[in-house]
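Enquirer: Construct all of the structure, not just a fragment, from the sequences and the given hints.
So the protein sequences, as listed, match chains A and B.
Its first residue numbered 1, the first sequence is counted upward by one per residue in the numbering used here.
Its first residue numbered 310, the second sequence is counted upward by one per residue in the numbering used here.
Careful, some of the hints might be misleading.
Said to hold, decoys possible - Each computed DSS-like pair below joins lysine-lysine, with the alpha-carbon atoms no more than 30 angstroms apart: (1) B/Lys552 <-> B/Lys614; (2) B/Lys346 <-> A/Lys243; (3) A/Lys243 <-> A/Lys305; (4) B/Lys346 <-> A/Lys37; (5) B/Lys614 <-> A/Lys37.
These are computed hints drawn from the structure, not numbers from a lab.
Chain by chain, the residues:
There are 2 protein chains.
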Amino acid sequence: MQGASSENRSPAGVLSAGVAVQDFVYSVDQIPTRPEKYRARDFATVGGGCAATAAVAVAALGGRSLLATRLGRDAVGDQIAAELEGYGVDCSLARQYAGCRSSISSVFVDRDGERLIMNFRDPELPDRFDWLPDLKEIGVGAVLADTRWAEGAKAAMTAARAAGLPGIIDAETPVREAEDAVRLASHIAFSRSGLIDWTGDDDLVAGIRSVVEETGAFVSVTDGAAGTWYADADQEGHVPACKVDVVDTLGAGDVWHGAFALALAEDRNITDAIRFASAAAAIKCTRFGGRAGIPDRAAVEALMKEQDR
Amino acid sequence: MQGASSENRSPAGVLSAGVAVQDFVYSVDQIPTRPEKYRARDFATVGGGCAATAAVAVAALGGRSLLATRLGRDAVGDQIAAELEGYGVDCSLARQYAGCRSSISSVFVDRDGERLIMNFRDPELPDRFDWLPDLKEIGVGAVLADTRWAEGAKAAMTAARAAGLPGIIDAETPVREAEDAVRLASHIAFSRSGLIDWTGDDDLVAGIRSVVEETGAFVSVTDGAAGTWYADADQEGHVPACKVDVVDTLGAGDVWHGAFALALAEDRNITDAIRFASAAAAIKCTRFGGRAGIPDRAAVEALMKEQDR
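Expert: Here's what the structure looks like:
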């Protein structure tokens with residue numbers, strides 16, 4: 001009856017801390033290069049932001065997902081929270097500040113998938129993150145943070161460390177802006193550009209070794225189709241990427257981080273967690289759209305099995 | 310007691326028909342020229358659209374202002390209507406369509422005021438304008454339409470003609486898209502580019518003469534600091550622009566059209582109406598921001614007096 005008892009167990013939970021953005025995405029024939037007036041072919045309003053999209057991935061994969069983020073008390077902030085809640089993300093730790101503007105991006109995408117992104121973050125949004133309840137109380141098994149909200153990431157990694165839980169930092173450029181959080185994390189998951197930004201060297205394997213030496217943490221770097229390298233004080237290895245037909249990589253890194261955090265919250269071993277994350281991100285890449293392309297657990301497990309053959 | 314009786318008279322009304330847009334305006338150091346990620350210095354969400362901004366000008370100048378427009382039944386549409394109502398524009402003739410998206414633009418503005426505008430209009434928005442009540446019932450004294458909603462402009466100009474009221478078309482490019490409405494208007498108020506687009510000739514005075522001959526209407530063309538040329542079957546003339554320090558021309562043309570329509574609704578003679586419109590637009594140009602820079606009547610009358618000296 002192991003299967004049945006496993007199904008009745010309440011799902012593992014992940015707290016994600018970081019940015020939530022509203023993206024205004026215009027489909028264009030060509031990326032504009034001159035200050036003129038252009039007409040877009042199509043348009044969509046979609047949610048974005050590393051931590052927020054990772055939180056959607058956690059929920060889509062069947063985990064309990066909480067998001068701590070800072071929004072403006074404005075129409076965009078209401079829209080961001082409503083979309084996240086629609087995906088099953090618990091936004092009770094998202095704070096809306098009166099007099100502040102929510103983060104927003106306008107994205108122009110051409111037919112080849114090239115993107116021009118214009119982002120605004122309100123410098124008036126208070127940095128502090130002092131409303132985090134006891135992690136045992138909210139019952140999460142792992143904490144994930146992005147580098148876009150340095151104080152939030154630091155508070156989240158501190159709480160994870162105090163609770164003895166995995167604290168994963170999504171180490172995307174500019175990583176140094178969240179240096180305190182990186183040094184507090186138990187798991188530092190770099191993108192290729194994030195690792196090069198941190199080490200100043202494009203040898204990725206040497207890079208993760210040096211960060212292990214520097215921090216004592218588990219360190220990984222994901223390099224698209226080349227897969228993921230990882231190392232800690234005791235081991236190192238490589239997990240290949242799943243072979244898929246890539247349609248749209250938007251949000252794939254965020255999906256990887258959400259799935260990885262959920263796998264750690266579920267006490268999976270590290271290579272299994274990386275395989276789970278890689279499969280989730282790979283499926284996302286086969287589907288058009290950001291959050292709309294995030295797979296459920298059945299699809300991820302099916303791809304993992306296929307890769308095993 | 311003429312002053313008192315004039316003050317007690319109910320204000321003249323203008324119906325504006327055309328587009329209402331939400332503009333997402335990013336202040337940037339430089340207009341982007343490559344598909345990369347950029348961070349904006351500042352950001353504002355502001356209402357735009359020719360007819361909508363003209364309707365705000367009518368209200369700001371003390372007129373009764375009604376706007377007929379098509380919106381999506383979405384968060385942006387709610388925001389557009391709420392902002393307009395905040396300016397005192399009656400939106401009971403604005404229609405929100407379920408399943409449609411409201412018009413939206415992202416605007417990048419650099420330190421020199423250069424602009425890159427990316428606009429999206431939902432092609433699914435129904436063209437028809439069949440909810441216009443009897444103009445006598447709604448008690449307006451003039452009707453204004455832009456060229457961005459051809460069917461709306463045509464219905465508005467037809468109704469104005471039937472009621473014997475001035476029907477003003479804001480003849481901005483692409484003018485030919487609203488050709489039926491232009492031919493029905495009693496007053497065709499071109500921008501420089503609108504007139505050149507219509508006649509194919511950059512001689513503005515010859516251009517308005519040819520449009521008078523073609524349509525029998527009153528025809529004007531406004532050319533920024535060079536002022537306004539006008540002509541009809543009986544007269545022609547020129548009204549110089551007010552000399553002001555230009556800070557921001559955003560929306561100045563729309564203010565000109567709203568003020569001109571209100572002056573005609575108030576039965577002012579044509580040169581007085583042009584002077585009133587030119588003064589309102591000139592003050593707008595001295596102030597940063599679109600609608601936020603629209604003057605009230607006292608400021609316009611003060612500038613008109615100053616110009617008389």
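Enquirer: Indicate, hint by hint, whether the structure satisfies it.
Expert: Hint check results:
no.: 1; hint: B/Lys552 <-> B/Lys614; in the structure: holds (13 angstroms)
no.: 2; hint: B/Lys346 <-> A/Lys243; in the structure: holds (28 angstroms)
no.: 3; hint: A/Lys243 <-> A/Lys305; in the structure: holds (13 angstroms)
no.: 4; hint: B/Lys346 <-> A/Lys37; in the structure: holds (20 angstroms)
no.: 5; hint: B/Lys614 <-> A/Lys37; in the structure: violated (37 angstroms)
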